[in-house]
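Produce the complete structure using the sequences and hints provided.
Top line first, the protein sequences correspond to chains A and B.
Take the first sequence: its letter number 371 is residue 371 in this note's numbering, and every next letter is one higher.
Take the second sequence: its letter number 321 is residue 321 in this note's numbering, and every next letter is one higher.
The set of hints was computed from the structure by calculation and includes no laboratory data.
Be aware that a few hints might be false.
As the list makes no split between identical chains, a pair holds if one copy fits it or if it spans any two.
Under the rule of at most 20 Å between Cα atoms (straight-line distance), these lysine to aspartate or glutamate pairs were calculated in the EDC-like manner [said to hold, decoys possible]: (1) Lys170 - Glu25; (2) Lys173 - Asp18; (3) Lys106 - Glu501; (4) Lys194 - Asp327; (5) Lys308 - Glu484; (6) Lys22 - Asp174; (7) Lys361 - Glu501; (8) Lys194 - Glu25; (9) Lys173 - Glu25; (10) Lys22 - Glu182; (11) Lys106 - Asp509; (12) Lys183 - Glu25; (13) Lys308 - Asp509; (14) Lys194 - Glu501.
2 protein chains.
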Amino acid sequence: MSAERPAALYERNKAHLDAALKACETRSYWSPFTESPSTSLHGPERPAEGKARFEAMLGRRFDLDQPGTIGEVGYEISPYTGKTLDVRYPKPDPQALFDAAKAAMKPWQRLTAEERAGVCLEMAFALEEQAFANAHATMHTAGQAYLMAFSGSGANALDRGVEALTYAYKALKDVPRTADWEKSFGRTGVVQLKKQYRIRARGVAVVVCCATFPLWNAYPAVFANLMTGNPVILKPHPNGILPVAMAVKRMRETLTACGLDPNMVLMAADERETPITIELLQHPDCAIIDYTGSQRFGLWIEEHCADKLVYTETAGCNGVVMDSLSDPEGLIGGLANGLCGFSAQMCTSPQNIHIPAGGVKIAGGETLSFEEVGQRLADTIVKRTEDPKRAAALCGAVQARQSIDLIEQVRERVKAAGGRVVLDSRPYEHPDFPGAQTATPLVVEVEADAVDLYGEEVFAPVCFLIREPSREAALQNAATLAAERGAISSYLYSSDRDFIEAAQDAFTDAGASLWINMDQRMPINFAAAYSDYHVTGLNPAGNACLADLAFVADRFRIVQFREPVPAEAAQ
Amino acid sequence: MSAERPAALYERNKAHLDAALKACETRSYWSPFTESPSTSLHGPERPAEGKARFEAMLGRRFDLDQPGTIGEVGYEISPYTGKTLDVRYPKPDPQALFDAAKAAMKPWQRLTAEERAGVCLEMAFALEEQAFANAHATMHTAGQAYLMAFSGSGANALDRGVEALTYAYKALKDVPRTADWEKSFGRTGVVQLKKQYRIRARGVAVVVCCATFPLWNAYPAVFANLMTGNPVILKPHPNGILPVAMAVKRMRETLTACGLDPNMVLMAADERETPITIELLQHPDCAIIDYTGSQRFGLWIEEHCADKLVYTETAGCNGVVMDSLSDPEGLIGGLANGLCGFSAQMCTSPQNIHIPAGGVKIAGGETLSFEEVGQRLADTIVKRTEDPKRAAALCGAVQARQSIDLIEQVRERVKAAGGRVVLDSRPYEHPDFPGAQTATPLVVEVEADAVDLYGEEVFAPVCFLIREPSREAALQNAATLAAERGAISSYLYSSDRDFIEAAQDAFTDAGASLWINMDQRMPINFAAAYSDYHVTGLNPAGNACLADLAFVADRFRIVQFREPVPAEAAQ
Chain A
1 MSAERPAALY
11 ERNKAHLDAA
21 LKACETRSYW
31 SPFTESPSTS
41 LHGPERPAEG
51 KARFEAMLGR
61 RFDLDQPGTI
71 GEVGYEISPY
81 TGKTLDVRYP
91 KPDPQALFDA
101 AKAAMKPWQR
111 LTAEERAGVC
121 LEMAFALEEQ
131 AFANAHATMH
141 TAGQAYLMAF
151 SGSGANALDR
161 GVEALTYAYK
171 ALKDVPRTAD
181 WEKSFGRTGV
191 VQLKKQYRIR
201 ARGVAVVVCC
211 ATFPLWNAYP
221 AVFANLMTGN
231 PVILKPHPNG
241 ILPVAMAVKR
251 MRETLTACGL
261 DPNMVLMAAD
271 ERETPITIEL
281 LQHPDCAIID
291 YTGSQRFGLW
301 IEEHCADKLV
311 YTETAGCNGV
321 VMDSLSDPEG
331 LIGGLANGLC
341 GFSAQMCTSP
351 QNIHIPAGGV
361 KIAGGETLSF
371 EEVGQRLADT
381 IVKRTEDPKR
391 AAALCGAVQA
401 RQSIDLIEQV
411 RERVKAAGGR
421 VVLDSRPYEH
431 PDFPGAQTAT
441 PLVVEVEADA
451 VDLYGEEVFA
461 PVCFLIREPS
471 REAALQNAAT
481 LAAERGAISS
491 YLYSSDRDFI
501 EAAQDAFTDA
511 GASLWINMDQ
521 RMPINFAAAY
531 SDYHVTGLNP
541 AGNACLADLA
551 FVADRFRIVQ
561 FREPVPAEAA
571 Q
Chain B
1 MSAERPAALY
11 ERNKAHLDAA
21 LKACETRSYW
31 SPFTESPSTS
41 LHGPERPAEG
51 KARFEAMLGR
61 RFDLDQPGTI
71 GEVGYEISPY
81 TGKTLDVRYP
91 KPDPQALFDA
101 AKAAMKPWQR
111 LTAEERAGVC
121 LEMAFALEEQ
131 AFANAHATMH
141 TAGQAYLMAF
151 SGSGANALDR
161 GVEALTYAYK
171 ALKDVPRTAD
181 WEKSFGRTGV
191 VQLKKQYRIR
201 ARGVAVVVCC
211 ATFPLWNAYP
221 AVFANLMTGN
231 PVILKPHPNG
241 ILPVAMAVKR
251 MRETLTACGL
261 DPNMVLMAAD
271 ERETPITIEL
281 LQHPDCAIID
291 YTGSQRFGLW
301 IEEHCADKLV
311 YTETAGCNGV
321 VMDSLSDPEG
331 LIGGLANGLC
341 GFSAQMCTSP
351 QNIHIPAGGV
361 KIAGGETLSF
371 EEVGQRLADT
381 IVKRTEDPKR
391 AAALCGAVQA
401 RQSIDLIEQV
411 RERVKAAGGR
421 VVLDSRPYEH
431 PDFPGAQTAT
441 PLVVEVEADA
451 VDLYGEEVFA
461 PVCFLIREPS
471 REAALQNAAT
481 LAAERGAISS
491 YLYSSDRDFI
501 EAAQDAFTDA
511 GASLWINMDQ
521 RMPINFAAAY
531 SDYHVTGLNP
541 AGNACLADLA
551 FVADRFRIVQ
561 FREPVPAEAA
571 Q
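Here's what the structure looks like:
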């Protein structure tokens with residue numbers, strides 16, 4: 001191992017780390033990555049070259065050189081083409097992966113916090129280099145639209161990774177490497193001790209990635225673990241292997257180029273029919289679990305893997321409380337975007353819209369009735385989705401067939417319960433991929449007491465207009481659901497400052513964050529690295545936050561030595 | 001609530017907080033408390049007045065005004081007199097305590113980090129004010145000698161509390177209260193958001209105190225919890241209620257004097273025959289557990305209460321590796337002190353002395369045989385304990401009858417296994433308390449393969465001289481025991497720098513801290529606040545460290561609000 005290299009990478013990336021530290025402190029916007037795929041920024045060749053790189057990977061064995069391979073695995077279906085990508089990945093022997101990771105962990109411990117940061121930042125920029133290819137890989141596994149796949153699964157995801165890296169750096173730097181200590185002990189006089197502190201990693205981390213955002217949560221977990229000394233085995237979703245494999249390959253290349261053991265980062269892929277996740281999580285050598293996915297499995301892990309460090313980010317039923325609309329077009333427009341965006345397959349997508357039966361006030365003293373609010377929302381959704389090009393850019397494709405089935409089930413259940421379909425879902429014709437699995441949002445009207453219909457996440461483009469007795473009841477119901485069923489992003493529309501404050505208190509008690517009067521100028525559910533604490537950890541939608549000190553501080557421990565300063569050396 | 005008061009307390013104590021922050025950073029010695037009970041510092045009256053205060057509490061109902069009292073409880077025996085203190089404490093209704101704590105938690109959330117620090121530091125100084133009375137209460141419950149009860153359970157314990165307070169302050173201050181965020185969103189232009197971040201406590205913490213150091217670990221847990229917003233129910237050991245009751249009463253008085261709800265700090269006492277600990281720990285309203293005590297119960301809690309945040313500090317079998325003795329008198333003298341100190345009833349007391357069968361080198365090239373090392377150690381222990389006054393100051397009393405029984409059991413088991421008693425234990429005659437339960441250390445010689453004899457903590461003044469094939473074998477055995485059975489403080493005596501480094505690596509791998517060549521100028525097992533990380537959390541002797549960021553960062557979470565800046569206000 002050439003010790004200079006990581007130190008040189010630190011020097012090269014130091015300005016970024018300093019800027020990231022500053023961003024964490026001020027929580028203002030910052031990014032060293034290019035968010036837009038525009039050819040005016042990248043030139044005309046890079047997008048095409050990225051697409052070609054993606055296409056060259058299809059229909060063959062993915063070239064991932066890692067230990068413990070005992071065969072081939074992988075069966076991914078593109079939500080855009082309905083066809084298999086036909087890429088085969090290493091089928092792993094889990095024990096061999098854990099052994100390789102543990103062997104890699106030992107020399108990695110010797111790197112300083114600065115050196116680790118240098119290597120990890122280098123990885124982040126190496127990952128950005130393949131942002132175009134990654135965008136296509138993300139489209140054809142997760143179903144994201146091109147723009148989201150480029151920015152949301154590229155720069156924005158890397159931002160979250162660098163944010164976690166930065167928190168880990170802060171936590172590591174809180175521990176000095178040495179100290180001089182002296183104290184008077186009565187008659188024996190002053191004793192001087194030389195103390196040394198060593199950062200000690202926990203062990204191998206298994207990072208479970210989700211289907212619809214393969215890397216957005218994975219990068220923070222990977223960098224938090226690497227920074228604190230823990231090797232990582234990434235477990236992709238069976239339909240989201242390619243983006244993870246590309247990232248793992250690239251990170252391993254960076255490690256190798258630094259003269260480091262690439263087995264600090266490994267991948268364990270599987271297929272739906274022969275899953276290996278539980279085996280990995282319950283493996284005695286697994287010390288840390290970072291999980292993104294369904295609430296059900298997340299809670300199972302929290303309960304059954306409690307002997308490991310467990311960090312989860314799952315889902316809830318995100319609520320919207322409607323009180324009054326100072327700017328109906330902008331606010332309903334923002335909400336419609338949120339309902340359509342990536343076909344509501346985001347953990348931050350709104351689902352339950354709690355509307356007082358008496359309607360909502362708008363500017364000028366008028367009131368929109370409950371039905372008018374629903375109709376305006378439905379009309380806006382229709383406007384957003386009638387042009388296939390616009391629909392494609394906004395909605396992308398639906399990752400799982402189960403989500404399409406869910407739409408059908410919800411429609412029938414709502415009708416059976418006496419609810420009303422305000423806007424039906426329909427597949428839109430994708431301009432580039434005629435066979436794409438698509439669905440516009442289903443909007444249904446239900447009574448407040450029909451909690452069994454809307455009281456948990458429906459992972460599909462489905463939105464409930466919930467008729468509430470009053471705004472207070474709307475707030476109470478939304479906050480209670482957040483507390484009991486979980487919520488990652490909740491929304492409030494109100495121009496009454498007292499009601500906003502009451503809502504803030506109610507959501508604080510519920511342990512849920514609240515976005516207020518978010519309009520259509522930006523995606524209402526955008527979660528900004530360095531600024532928005534993602535997941536509170538106080539409700540069933542996950543126990544960890546991207547990113548705070550709690551996300552990193554327990555991933556390492558401290559071993560200490562002390563020794564008296566010899567009398568001749570002591571002053 | 002008068003909001004000015006906590007802010008004023010912050011101003012009054014700000015210099016201490018700043019100094020504590022500095023001490024955490026440099027890890028050098030600092031204390032705002034008076035460690036010595038000397039009359040030259042305190043005047044002649046305060047020691048006597050403290051003793052009188054203690055005596056005035058005996059034989060009556062303890063005046064602790066807290067909610068949920070359903071009777072009286074308490075049966076403590078003084079290890080010095082063998083008699084009951086006959087103090088009766090409130091017998092609690094657990095649900096009423098949790099309810100009171102939850103009610104107190106709500107207004108407490110409104111205090112800033114500065115205000116909380118002000119209140120907690122005020123509490124710490126109020127606790128110091130009763131250091132003399134606490135010393136007597138600690139003596140007659142825990143069995144500590146007067147000096148240790150004054151400094152170790154007074155200033156030194158408060159130091160650890162303020163250290164945890166300071167770490168919590170750092171973690172809280174890492175989260176800003178507000179932020180201004182702006183970002184360009186393509187064609188819509190720049191969007192500005194105003195963001196607010198609220199610290200949110202977890203819930204009620206139950207702090208389980210141990211018998212021999214009722215407050216040393218309790219103060220850090222109490223202050224870490226209060227700082228992060230969590231109310232505390234202290235659960236004293238059935239024979240260690242009085243010091244805890246005094247502390248709880250004093251902390252409640254400080255809260256009341258600030259106009260705050262005193263139910264942020266409550267006590268739940270019990271008796272050995274009718275324990276309530278498990279009921280408290282498994283209560284649905286218990287969110288956090290801080291536990292100090294036996295390894296067995298600590299591991300039980302980690303396994304069975306994994307749905308709570310669990311912080312444990314338990315015990316291990318602390319090893320001593322002997323390679324060479326540059327200063328035999330000073331080093332063996334230090335070790336003898338460590339074996340006698342508080343009759344080895346400390347989680348940092350050495351127990352297993354791993355000595356090469358071929359002996360250990362001393363300065364000048366000579367070698368002390370295995371037997372000579374043991375004999376010198378035994379002779380030094382005899383010298384330390386033959387004068388009853390000196391024995392009393394060093395050994396104190398033995399808290400539990402079970403520890404006396406353990407000495408007997410070890411002696412018989414060792415003999416039956418073919419081991420040898422090098423120095424037998426005996427009760428020494430205490431100069432002030434003729435009936436005191438006392439015991440000088442038992443020193444026995446065993447073979448390295450007799451791990452069943454020495455492979456777990458013997459909570460009694462018992463020390464094993466373990467005949468090892470070589471120094472390497474000694475190191476290996478000690479490090480393995482530390483990793484597998486737990487260790488809080490391990491010790492090495494060597495003047496060979498290469499061997500010291502090998503030992504540091506071995507103990508790093510074992511996840512255990514190592515004190516090297518500690519001589520008799522200070523207590524070898526003294527753990528210094530702000531400097532020595534106490535417990536690594538990497539072996540079975542506990543999962544938490546006093547104090548690091550991991551000890552505090554997860555005790556609170558963050559709830560966030562965000563809202564666009566209105567167009568007219570935006571720049």
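Quick rundown of the hints versus the structure:
{"no.": "1", "hint": "Lys170 - Glu25", "in the structure": "both (11 Å within a copy, 13 Å between copies)"}
{"no.": "2", "hint": "Lys173 - Asp18", "in the structure": "both (13 Å within a copy, 19 Å between copies)"}
{"no.": "3", "hint": "Lys106 - Glu501", "in the structure": "between (51 Å within a copy, 16 Å between copies)"}
{"no.": "4", "hint": "Lys194 - Asp327", "in the structure": "between (65 Å within a copy, 18 Å between copies)"}
{"no.": "5", "hint": "Lys308 - Glu484", "in the structure": "between (25 Å within a copy, 17 Å between copies)"}
{"no.": "6", "hint": "Lys22 - Asp174", "in the structure": "both (16 Å within a copy, 12 Å between copies)"}
{"no.": "7", "hint": "Lys361 - Glu501", "in the structure": "within (18 Å within a copy, 73 Å between copies)"}
{"no.": "8", "hint": "Lys194 - Glu25", "in the structure": "between (33 Å within a copy, 15 Å between copies)"}
{"no.": "9", "hint": "Lys173 - Glu25", "in the structure": "both (15 Å within a copy, 10 Å between copies)"}
{"no.": "10", "hint": "Lys22 - Glu182", "in the structure": "between (35 Å within a copy, 15 Å between copies)"}
{"no.": "11", "hint": "Lys106 - Asp509", "in the structure": "between (44 Å within a copy, 9 Å between copies)"}
{"no.": "12", "hint": "Lys183 - Glu25", "in the structure": "between (36 Å within a copy, 17 Å between copies)"}
{"no.": "13", "hint": "Lys308 - Asp509", "in the structure": "between (29 Å within a copy, 19 Å between copies)"}
{"no.": "14", "hint": "Lys194 - Glu501", "in the structure": "between (53 Å within a copy, 14 Å between copies)"}
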